[in-house]
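Trainee: Residue numbers (the working numbering), protein chains in the order written: chain B, 2 to 577; chain C, 2 to 577; chain V, 683 to 967; chain Y, 683 to 967.
Hints are computed from structural coordinates only; laboratory data are not their basis. Note that the Cβ used here is the ideal one computed from N, Cα and C, for glycine as well. Please note that the accuracy of each hint is not assured.
Distance ranges between label pairs, derived from CB positions [claimed, not checked]: (1) Ala187(B) x Lys821(Y): 23 to 31 Å; (2) Asp945(Y) x Asn524(C): 51 to 59 Å; (3) Lys956(Y) x Glu5(C): 19 to 27 Å; (4) Asp451(C) x Arg919(V): 44 to 52 Å; (5) Lys7(C) x Pro415(B): 50 to 58 Å; (6) Asp117(C) x Arg919(V): 54 to 62 Å; (7) Glu125(C) x Pro415(B): 49 to 57 Å; (8) Ala23(C) x Asp945(Y): 56 to 64 Å; (9) Lys526(B) x Thr826(Y): 36 to 44 Å; (10) Lys921(V) x Lys864(Y): 37 to 45 Å; (11) Arg81(C) x Glu717(V): 49 to 57 Å; (12) Lys516(C) x Lys821(Y): 53 to 61 Å; (13) Glu398(B) x Asn896(V): 34 to 42 Å.
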Amino acid sequence: MTIEFKDSISIVLCGAAGQGIATVETLLTSALKKSGLHVFSTQEFMSRVRGGTNSTTIRVSTNRVQSFCERIDILVPFTREAVSHVKARLSSNSCIIGDKKLFQDNVDAQSCIMIDVNYESVAEEIGHRVYSNSVAVGVLAGILGAEREYITGLLTDRFQSKGEKIVSNNIDAVTRGYKLADEIKASDQLPSLPSFSTQPSVGSELFLSGRDAVAIGAIAGGCNYVTFYPMAPSTGVGAFLAKNRLEFGIVTDQTEDEISAINKAFGAWYAGARALVTTSGGGFALMTEGLSLAGITEMPIVIHLAQRPGPATGLPTKTEQGDLELALYSGHGDFPRVLYAPGTLKEAFSLTQQAFNVADRYQVPVIILTDHYFINTRYNLPSLDEEKTQVERYIIETEREYTRYQFTDDGVSPRGIPGKGEGFIRVDSHTHTQDSQITEDPIIRKNMVDKRFKKLELLRGSAIKPTLVGNPESEILIISWGSTFHNVNDAVLELRNKGYSVAYLHFSQVYPIPKSVEIYFKNAKKRIVVENNATGQFASLLNLEVGIQIDKQVLKYTGYPFSLEELVKELKKEVQ
Amino acid sequence: MTIEFKDSISIVLCGAAGQGIATVETLLTSALKKSGLHVFSTQEFMSRVRGGTNSTTIRVSTNRVQSFCERIDILVPFTREAVSHVKARLSSNSCIIGDKKLFQDNVDAQSCIMIDVNYESVAEEIGHRVYSNSVAVGVLAGILGAEREYITGLLTDRFQSKGEKIVSNNIDAVTRGYKLADEIKASDQLPSLPSFSTQPSVGSELFLSGRDAVAIGAIAGGCNYVTFYPMAPSTGVGAFLAKNRLEFGIVTDQTEDEISAINKAFGAWYAGARALVTTSGGGFALMTEGLSLAGITEMPIVIHLAQRPGPATGLPTKTEQGDLELALYSGHGDFPRVLYAPGTLKEAFSLTQQAFNVADRYQVPVIILTDHYFINTRYNLPSLDEEKTQVERYIIETEREYTRYQFTDDGVSPRGIPGKGEGFIRVDSHTHTQDSQITEDPIIRKNMVDKRFKKLELLRGSAIKPTLVGNPESEILIISWGSTFHNVNDAVLELRNKGYSVAYLHFSQVYPIPKSVEIYFKNAKKRIVVENNATGQFASLLNLEVGIQIDKQVLKYTGYPFSLEELVKELKKEVQ
Amino acid sequence: MVDTTDYDRDVEIHWCPGCGNYPALKLLKETLVEEDIAPKNAVIVTGIGQAGKFSHFIDGNMINGLHGRYLSNALAIKASNPKLQVFAISGDGCTFSEGGNHFLHTIRYNPSIVNIVHNNAVYGLTKGQASPTSELGVKTGVQTLGVYNTPFNPIAVAIAQNASFVARAFVGHVEQTKEVLKKAIAHHGYALIDLFSPCVSFNRINTYQWYRENTYYLEDDYSPFDQKEAIGRALERGKLPLGIFYINERPTYEENIQIYKNDSRPLWQRELSKEKLTSLINSFR
Amino acid sequence: MVDTTDYDRDVEIHWCPGCGNYPALKLLKETLVEEDIAPKNAVIVTGIGQAGKFSHFIDGNMINGLHGRYLSNALAIKASNPKLQVFAISGDGCTFSEGGNHFLHTIRYNPSIVNIVHNNAVYGLTKGQASPTSELGVKTGVQTLGVYNTPFNPIAVAIAQNASFVARAFVGHVEQTKEVLKKAIAHHGYALIDLFSPCVSFNRINTYQWYRENTYYLEDDYSPFDQKEAIGRALERGKLPLGIFYINERPTYEENIQIYKNDSRPLWQRELSKEKLTSLINSFR
Ligand SMILES: Cc1ncc(C[n+]2csc(CCOP(=O)(O)OP(=O)(O)O)c2C)c(N)n1
Ligand SMILES: Cc1ncc(C[n+]2csc(CCOP(=O)(O)OP(=O)(O)O)c2C)c(N)n1
Ligand code: SF4
Ligand code: SF4
Ligand SMILES: [Mg+2]
Ligand SMILES: [Mg+2]
């Protein structure tokens, strides 16, 4: 079953690290969005600073576009290796636009439409090959119909500090690119591409990445302390907050190691801050003793765990959903926690925002699971509805006789902080009494464990419901969690459009899960879980939490995300 | 249902840290065993060096005794706090033998038989109250019928280095104790205790602790490198190996932290050593990044994880089986591992021994789960059958063209080490090719994951079968794992003796578990899992691994082990 | 005014009789009272070990965290609320072994906290293994061949790291130690006190008497402002100097992060500005 | 005889053109050949980072382990088989930040390994964050207010820890660096080389030229045997000395553990004695 992409064009930029693909992507996508087109982009890159082969996929459409497709309509290669790197994605409809020397002899290019545009020589005419990227932006923007003034504006902002000459040369380069685009269009070399209609409302939408959504969500959650040790793909969230540190009064700390990061976040919450830790699997592994500390002391803590393929160093700049069980079970001893896994940018914002409130209220660790793909993917959306969010604070003013771990009906003991009120705030990593004294009493131990698990039941009761798309009476239920949302959703839509009786259930809170979600599974004759990992970790969890048996798992663990096409193909096998 | 302990006496020594309870225990139990009696002892102590209240339970019997009972026949209190500390275990048949000042006014002692013996004043008569412990040993040994010459021998060994005077004073003290025992027996104050018959063969049996069994097992497994950072209850295994370092050529390293410990064990295996890491939950949490390194590089590694109650510092000197899920799921990314959880001392020896062979052969981490209770419990047993064990080595001599991660049918690539043969040994924490080069290729990534999981299937196929005790057709099946073996087994035996249709299934390999163990569950109408943790971690695992649903969980998470009496009581509720 | 009993807590103390932690506790309490620091304005942050139990035996705000990690807790408390007086206290094993990396780096951050390390040259709580400061040749149940790793010199390392206040004291000298402590409290920036504190149960070498005989005070005219000079004194073998080795005042972490420059309120008193949030979000339009 | 190409490996090198790691790689290979060390007798152990990729671009035995943990791997290899020449190589972030604790303590153990730290004062692989050796004021995408943590001085800390061989070199000076490397290889015990190695992509300050202009060699008559003197030189500001700062030969870890005293065979060549095992077990009867 081939998918027809009637309303969108997919452009791939491919070249070496250091060649400025990211610059082309940023300028082009921003200009397209501002011009009123829906835009999606996602990056795939190697773990190196220069060289190698990276690619960016951009999708442009008259309608909303938020998922990743394999097919390439236009390929812009920047190196000789580029075409072969994406060969599996090329077809006779693919059009390669670039310096012919880079691909004319490549067997992988032969079936494609080849258009010779030497960005570099045009740039040199302007004065330096450094302008090639702007030429390329011009060509693509021209072909796709972005308004030139937006690019001009963007270039001015970007290069202002480098002087007027640089700005005007870049503008020249873009202009030359537009001219080339006109020539190409006139020459009839291009295949027939969908023609777009722009909508002004889209032009003023937001255009952001997973990274941005998580970081903004943190700020909206009242985050005023962030600790991290650099590690792809989690560092960007830290860098974002660092950039805004003075504006929002955020302590931003690149710590000596991950262990320090979590223990600082712990100290910060203790003193009344709202701290975030951002990390990836290997860093998280080092933090799990600290997680356990938060567990026993009932200290709120918010962790952003941006997954990448392991074990160990694994594939530092690739993607996977392989750390669900790590997030769920690590840390010694039993204690409750909450795991979110946003599927959309809006959820990334709102769940990260909410994570701070939930952590503060229930005094448990809240972990937000994203991944490389999610963090490095961008699309436009109308708004984040930030005005609907609120920083909820649960810190009390303590009295002299305050006891930190008072037993209560729901297991939540009012939390004080030093300096607010007259009580003393004592927290201890040992098993403790209500008044934080070390104890080895068996009854108190048991009661303290039970107290903490009462909170888990509260959390389970108020868990975010999964999203059901489609008819609840459908014969087949596709299930996924976290970053796969849009790709699976679009694939299921495609199947539904072809007449299959399929519904889709997506979990953005993956733990705890209330037993009541059973009802979503009731009618389905076949239940298929889609996960970007090797062992089907979420399927196991569903079994344990809800008692649901899964009939089929669609797993991918190559280090790359599911594409629309492969999902349609894989799922179709299962639905007929 | 009360249990009748017709054939055993239970003695409890109780006092403060630093008072020498351990010395009394060692001398008394050794002498009893040498005299031909079966002996069991287990320690319960606080996390402090002086003061507080600790206790040791000793059971002596004509028949084999290997489980922990609550009931106290004879209590020897060393402090005023002692009697109240164990009050729940006292009855009107309990006999308190000690300095009356310590208990005569204590309400908790009133229903007991009180016998006044002032060990200290007798000791002072000999010259110093330091000899009180030896007086106590004499009294107890005399009452129980241990032969005095054994104690004399033990004292000579122990105090020789301190001079003859000290030795002879201690011997005097013991002799005085025996005399007091005769007086007590003659006085008819004692309740009727079972009379024992000694067996010479028992006298020459082994008498050792869980700690000893694990450490000796490691040596028998060819362990020649041990790394650890001190942490109760795991340090003893390191200290045991340290004591024998020169005899067996073992590199013994108290590292700067746990992270170093696992990374050193890793380096040692790489270079051809057979390394053990010994740790507890909090330390293990810090090692999980290193575990993941072993996972991707397919480096053998053996870890002894002696559990204690968490989270965080928790109860440092108490017991729990709370780290099963930690051991199973921690470390980022998916990779195979093996988990053992010995139930008997003999298993502790043989599984630790075997762990080295399995790790070496399959090139996976093997984790041995014990706990505080297991480590600090001792009993006699005929032998370890060490002659049946063998150090199996799987290191090959490499050729020049050797590639470390060669694909093979069973997923196991022959492992070389530097210096043996002509090949180069390359290991990498990144996703790698067969020749250990860093790669980001999707197909290779998938194949490498599959290769590693092939080994899991091999390991599942050759897993150690659980032990079934009783009739496989029984209506009720009790299931447990690890250190609870003897206590549950004796409780089930008691139930069976009372006519209940109960069988018992114990797992000493807890992961992977072959699906074929289903057959053990087939006939049971009710399946009850007994675990020393709060959430029933093994029950969840059985569900995932075998698809077995558990009807009832008997969980204890007070920090203390299950006693025979409470197991009989709890299980009886379930079996009728 | 803080009362002499304000820091007393009615709990059983778990240390061995004669342990150096007793005088350490007493002199800390007295100093806090003399300096008129109210318990509600102070936080005691400890790691795990015998010294780590400190926080339980004194009234007030406290964290008894993980073994080795207390400096990270302490730094973040100070950065979240600079108005709090933060005392970071733990043992030599906790600070220099498990926590060695945080020790190295906390010095670089220079938060205004007082870091007291109860250095008994042994692992007390875990029953007598060698610590990084144990002397060469010392035999233990684990170091069966005697210690052979070169002893860790915290004073020298701290000065090499340019720590802003570095002192060594001995619990047996109450008045002098209180003096040092007062200066550490008054110091603007990270202040290390390496506090010799005998473990009477497991360290048979470094006894009260040993410390008395093997230490002396830096001369009255010793100037603690010269790094080279200071480290030279730190490297002395034979008798060990006590007193303040080195002072190098410079901007603290709380100052460097700038968020308290125009607004001294601790983080918990601040509100998120919705306007700023919206304008940040709008910058993505 | 080892051949000049024995260490060459036919793989694509992932560093940026101009990176200081190229000359570092070249001079290491040349030195190994000149010292006639056969690849099969050597092991290169690296952490994670640009410098950490070193082990891939040279033929022979190698571990490319975890970020920050390579010194622990390296020490254990040496202790398991003292016949192997162990080279522990990684970056400044890996060694001094994530791995700071192992750096501190490996020095104390004194295994005979050569530890080369490619110090580019930046996190190269993760794209330009500050490292512990970054200078005050340097701005990055994360250090948006400029670095304010006091820079880490590895030479001073190593000498304060009484490291047995401490040197600093610069990849731009090939011959001198090879000389230092040869001495480090010949040294009996732990040898640290802090190797200035420019990152041309992310460090715009510490360029080849900057190092040329801001370094000089310790005098010919400088004697590296005096700890105080050495640390004094390590603390110099302004121009930075290159060369061997400090040598303090003492028993190595492989010697201290004693198991190679009467039997030089590496662990893998030894067999368990069943008699000894049985007699150990019988001691429990
Ligand atoms: C991660 C971790 N590892 C090990 C331990 C066990 N442990 C508790 S205290 C301690 C050492 C105590 O020595 P020190 O810090 O010198 O304190 P002291 O008891 O001597 O005052 C250790 C190793 C632990 N609690 N956590
Ligand atoms: C536990 C862990 N945390 C973080 C990372 C990410 N990481 C990889 S390399 C690196 C820093 C590299 O800096 P440096 O050691 O100075 O080496 P360089 O690249 O500059 O040579 C970091 C933080 C990681 N791989 N593992
Ligand atoms: S063991 Fe040592 S440090 Fe611990 S309380 Fe006793 S004397 Fe003090
Ligand atoms: S980023 Fe810097 S250190 Fe890394 S390869 Fe490039 S120049 Fe070298
Ligand atoms: Mg200590
Ligand atoms: Mg670097």
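Trainee: Does the structure break any of the earlier hints, and which numbers would those be?
Mentor: 1, 3, 4, 8, 9, 11 and 13
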